[in-house]
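> Each chain, written out:
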Amino acid sequence: MDMAFAGELAINGALVGLFYALVGLGIVLIYKASGVVNLAQGALAMTGGYVAWAAASMAGLPGWAAVPVVLAAMFALGLALERVVLRRMTGEAPIMVIMVTLGVEIMLRGVVPGIWGADVKRLDLGIGQDPVFLGPMLINTAYLVGGAVSLALILAAVVFFGTLQGIVLRAVSDDQVAAWSVGIRVEHAIALAWGISGVTAASAGILWGSVQGVDWTLSLFLVKGLAVAILGGLDSVPGLLVAGLVVGVAESLVGGLLDPVVGGGTRDVVAAMIILLTVLVRPYGLFGRVHIERV
Amino acid sequence: MTPADPTSSSAPTPLLVCDRIERSFGGLKALKSVSIAIHPGQIFGLVGPNGSGKTTMVNAITGFYPPDAGQVRFAGRDLRGLKPHRIARLGIARTFQNLALFRGMSVLDNILVGRHLHMRPGALPALFYPFWARPAEIRHRAVVEEVIDFLQLQDVRDQPVEVIPLGLQKRVELARALAAEPRLLILDEPMAGMNQEEKEYMARFILDARDAFGTAVLLIEHHMDVVTALTDRLLVLTYGEPIAEGDPHEVIARPAVVAAYLGKGRSRAA
Amino acid sequence: QDADTVVKFGMPQDFTAVYTFVTSEYNQGQRDYLSLVNGRGGVGGVTFEALVLDHGNQPQRGIEAYERLKKAGVLTVDALSTPVSRALVPRAMADHMNLLTTFSGRSDAADGTTFPWVIPMSPMYWSQAAAVVSYMNQVSEGGLKGKKLAYVYIDSPFGREPLPVLNALAEADGFELGTFPYPSPGSEQSAVWTQVRRFRPDWTIIWGGGIGQTVALREAVRNGIPRDRLATGVWLSESDAEIVGREQAKGVLKFEAVASGREPKIIADILAEVVAKGKGAGPEEKVGTAYYNMGVGMMAMVVEGVRLALAADPTLPLTAERLNAGLTSIRDFDAEGLLPPTTLTPEDHQGGGAGRMAAWDGTRWVAKTDWFAAHQDLVWKLVRAEAEHYRKTGE
Amino acid sequence: MLLGLNNVEVVYDRVFMAVTGVSLQVPGQGIVALLGANGAGKSTTLKAVSGLLKPERGLVTKGTLTFDGRDVTGLAPAERVRLGIVHVLEGRRVFPHLTPMENLMAATTMHGDRRAAAHRAEEVMERFPRLRQRARSEAGYLSGGEQQMLAIGRALMTAPRLIMLDEPSLGLAPHLVDEIFDTIAHIAAETGMGVLLVEQNADAALAIAAHGYLIENGRVVMSGPAAELRDNPDIRDFYLGGGGSVDYARVKHYRRRKRWLS
Amino acid sequence: MFYRRAGVRHTSYAADRRLWPLAFDRRLILLLAVLAIAAPWWLTPLYLTAWALPMVIWATAAMGLNLLMGGAGQIHLGYAAVMAIGAYASIHLARAGLPFELAVIGGGLAAAAIGSLFGAAALRVKGLYLAISTLAMQYIVDFAISHVPAISGGAQATLQAPPVVLLGVIPIAGDAGRWWVALAVAILTASFLLNVRRTGYGRALATIRDKDYAAEVIGVNVFRYKLSAFWTASFIGGVAGAILAFCYYRAITPEQFHLDVSIQLVAMVIVGGLGSVLGSVLGAAFIFAVPLILNMAVLGVVEAAGLDLSQELVAHIPLAAYGALIIGFLLAEPLGLAKIYDNIRKYLMVWPFRHFG
Ligand SMILES: Nc1ncnc2c1ncn2[C@@H]1O[C@H](COP(=O)(O)OP(=O)(O)OP(=O)(O)O)[C@@H](O)[C@H]1O
Ligand SMILES: Nc1ncnc2c1ncn2[C@@H]1O[C@H](COP(=O)(O)OP(=O)(O)OP(=O)(O)O)[C@@H](O)[C@H]1O
Ligand SMILES: CC(C)C[C@H](N)C(=O)O
Ligand SMILES: [Mg+2]
Ligand SMILES: [Mg+2]
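Residue numbers (the working numbering), protein chains in the order written: chain V, 58 to 352; chain A, 39 to 308; chain L, 34 to 428; chain H, 94 to 355; chain C, 1375 to 1731.
Pulled out of the complex, with its shape left as it was, chain V reads as follows (with noise of 0.2 Å):
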């Protein structure tokens, strides 16, 4: 086999890989905070987009000055649906609670883009096109910068799970209650964790509306974020950053390699197997703690 063209699909894949952990990275931290899985991560991804887009068309700010705003805004929204939607929800069993992030997902999915039109719209970051060559690979400027921003929050995201904030908020996620019961403001806890992924979720809605055009397609991304999340274990951010690089590499490689021999659309497929196979082995995923069950 030729190692360039494995090199290239390996390369293009953990950046997008990246990508993918970025949008799980929401879904970790509400995840971490409160036992929920927010479904409607993707659509707050696709929010930031049309946010962007809008700061930007309508503003008149350059692609790259909106970000600020972009993130600012996003954060607010991450804030006003904890507070709005799912603090009436604490206490019920999360299933109820993920039912209703699908309800926020199909809202804002219809919100959203009865605003703004469901048209794809342009986002330019002002980020060339011009792909990077690393000897004979090509590499994709956009997944480049996605990629270094996504690294960045992850590892971001690690360091402050570390400081007393973090235990605080790791301490919600075990008990609600007995966090109540020592002072713990388990709903600001939460709401913080909503506004970070409101964060989170516009900044991948940017960086992918920017390379696809911003279109309610950008909230399809909660599977992929979904499936990184939980192969690296719903809680833990660095096994989001394993898991993403896993399944980025593995869907482009196997996709790059397989597909001409099927001829079909592998990607998803082996994805799919990837995630079944790592979780009949390891039950919580590649580095997710054990439910601690004393009988």
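Source of the hints: derived by calculation from the structure; they are not laboratory data. All values derive from a computational prediction rather than experimental measurement. Among the hints, erroneous ones may be present.
As the list claims (entries may be wrong) - Which chain L residues face chain C? A few, computed with CB under 7 Å, are given here:
hint : residue
1    : 48
2    : 49
3    : 57
4    : 83
5    : 123
6    : 257
7    : 379
8    : 381
Stated by the list, open to error - Quick look at which bits of chain V chain C covers, simulated, 3 or more residues with Cβ under 8 Å:
hint : region
9    : 70 to 83
10   : 155 to 166
11   : 203 to 210
12   : 250 to 263
13   : 281 to 287
14   : 321 to 327
Glycine included, every Cβ here is placed at the ideal spot set by N, Cα and C.
With chain V held as given, fit chains A, L, H and C with the ligands onto it using these hints.
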């Protein structure tokens, strides 16, 4: 109701024999060579400080944490490699230290599941309920009503199990275990969180169960007054090691036991 | 009752899911054209009404909308969605409802004898692919013989559809065909394009819709595929070029079955008589886009069918049966230059399969050829075989 | 009075009334014991004070709660902790995936001063040396007694003025029960905290308490100085085992239950 | 008030185990059954074929999924794939000449076989990790169907369903006939599920729902019952898929069973109420009908008010409102529509008092 002097080890075959059981978790040796023998109809006490391995012992017997070394024999059968549900089928029932009732089910249904191993439930009987499942349901229901009567749970029969008080929940768990008609009943701290009166009730139920069904009982309890009164034989563990075994009154007087477990404070009496 | 003088068309379409990239423009064109005709007093004593519903690309909602529209008395249903159209075929066939599957739906529906009630009225994907290859064959020096052609497609029945045509033509024209599927919806295609680059194609065809197309176009550019050697079917629009970058997209080729731009007379008329009076069904800037004009063109054809039906028998109300007969008697209709001259017959529901190649010049689509149809013998061989297969097995 | 409950009524799930008008007082110093049978409403009362009813769909529907003269009835749980009310929950409820040290640190969100928090953690570790031994293990794997110590230590980290303990002796070995009660007595004596102690182990509780309340079916049916309660014949019978020595092997079959229905 | 409970006495265990101890409930059920059977005479064809028929089929599927999710506590995100297996298998069987009933059962069996294969994952993983494994199943099945022409039906990936012929002699051609077939299957499934809950089987499933270690000690073979739950639920799903194909779509294509359908099914179960048969029906009705109703309502309002809104906005408002409704209902009653019904019923039962106890 005079149990055949179970303290004498001359009784022919023990029902349960644990021979030099060992079990560790990671680096922690939770059980270091523990052996016990329980005879039919005997109430065997197992005490020790928190974390001394009592629950682990129960888990080793019931197949949750199979021993790393040593052997468990029940009614002459080697339990090695058997899954918990297979062991349950052989006639061992237990309750849990931290209640493990099925939430979302009524008290009645919780006790009815105790009959599981005497039933043959499946999807098809349910599909043809009137002729297939109903007769069996009613038969087992009658048995369960006896248990309910026995443990005086009539009032709460139809309540969802999670809303009744803890003490009653413990009783329901006992009822569930009894409904299985076990030969060996393992009770892990059945009286935790009970007041005097409730403890007396529970004590009575345990004795009655033994007397009525001839069940052997392995009892873990921190209430020493209860333990000394009910058990025929007592084993004390600390750090996974047996430090004393024998007649309960005699055992609790040993200085080692007092030092490691009892202390000398006021709770001695309680 | 004057209800008899109103002819209703059902437009259950996908405004919220997979087809969002086309539906609103297409539907705007359809309704603006009906406004134009109504503004002029209608045709043969009837005026028109469009009943629009969203089915979100979900078959069950499409079926509900279909049944509802049927009850409302529509004479045609245009679902603009492959899955929904497929789910409607058995019903339309049983109910004798004109199911319009313009630019969507099964290719073998071109066979009117097998599918009397399914009317594509537009070049099916097989015809489109054949035309694209035939164009490439013409403009390459020495034809396609010995050349390499890459086909990069969305891995769905729609994307796989051209494969038999391409394979047959590869054999006939002597080029090497490389096929590169990417999974739906195509947000991420880098691995695919790495392979394409290594295949070193002389020509590349991309086949997808919406973001799949923009991402493909971007990746093609990035991987150094010359844009004037890159072509696709009807699903590439001004807004796609906009997203990729007007300049970056320059030169890319597409097959168009309806003229784009504002020059065609009907579009100019709409601007003057509908939009200028504030009766436009959508934003003015969309008037004259490729998808908008597709909506106009197909509606023009349906209205022409109504005209023919009423010319043959002016009794009102008009029925679906008579409209079907009217539609299949359209001869050389070109909607004043908007369409290639189109002839529909009870046997041929496709209408000739003609279109033309157009290139993006940085601001608009510019025609590179005249209207032409290619390899219709081959296409019809496939159509007949598939239709035969359907009749035999129901597949 | 540090804490005052005035005719508090609690309804679960909008339909089930668990506490039907409880009034009690806890002074700023010393131990108050709250006794009662299973399901009498002891835990519910404590949850009403700490504000932890909401997650169980419970609601204070009547009555008022005052802390240090202030009405706290509508306050969020975290704010009550900031005022100085802390609740050690029944069943220990440590954070299972955090280490003992992290468990302690998680309870310091209300204190800006990191150094003081670290110091306080050090004190707790001094008080419960066992926790230091298990410092690296996740708290979920600690034994029952260790977890109970951790729970009490964690509560102390909030620097409370009132500590409410819900059955701290539950499931503990006798020597640990002694230890825990000693600790509670010490805390009450040394640090000048109010303690509200819910216990089934009435004997031990009344031994260290100054005052006691007896609650039945959601109502306070008896109250008074601990010594008085200890001598009350009914209490002796039903909570203290008739004065100490019960022969469990011979307990009567169905004892008539006495109810203090008013 | 309406639901008189006073005077209801059970004198035997059999009576105590009845499904509906209250006479009022029994009469209500009877009335509903009669109404449903008579639907072809009082419903217009539009509502019969495009509303009632699909709803009753979705309700069947939701019941199957609810057995798994509510009954045994196993989340399944690939239930549409299970239905697809049933649909494709039954249609291929029918086209191979098998009578309709056998083809449907065959579809159910095929779905059960493959479905429980995937359920094997449930033996290792729990909760969300299981959910993701079933999601993977969805992708794998989708891929297999759409990439094997022999399954999906040639280049056009469409398969026509052969006409339904009952018992090999009674041809079912009309809407009414198809409705009765679907209704019969739904009623059968519902009665099965209602019975499951009051038998040892249902209880055994419930034990593995939250505490599988406690299930083990009473002798429940968790391994077997989890598999059995997957088997049974997949069988029902397969049958529902087959009925969907034969009676409703009449031509099947891969898109009819994609991930979004799986998610809709999960939504039906949860919005309806976990573990409740009534909930499955209400949930299916809600998830199926609300988008349609909203669509019409928004169109009506826009038209009546003469609002000049863009077609895009008009099309998206129902979607937004639909999401908001899901949120709203779950905020109001997280236990689902069935619980809302139950609350109302309880309220009427104790009326004029406010609470029990
Ligand atoms: N699953 C497990 N993983 C790791 N360690 C465990 C596990 N289960 C028990 N242990 C450890 O094994 C030791 C013995 O625990 P065990 O639960 O048997 O104690 P016990 O005697 O029942 O105590 P208690 O009276 O508090 O119930 C403890 O140190 C405990 O932390
Ligand atoms: N979450 C709840 N929902 C409904 N009822 C509840 C709930 N929690 C408690 N109850 C009921 O409220 C009453 C009082 O319960 P509480 O837990 O306060 O009793 P307790 O005195 O603490 O008993 P225990 O000794 O068992 O801890 C009981 O009858 C109980 O069934
Ligand atoms: C509009 C088209 C790009 C969609 C295509 N007909 C499909 O089924 O995927
Ligand atoms: Mg224990
Ligand atoms: Mg309590």
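> Hint by hint, which ones does the structure fall short of?
4, 6, 7, 8, 9, 11 and 12
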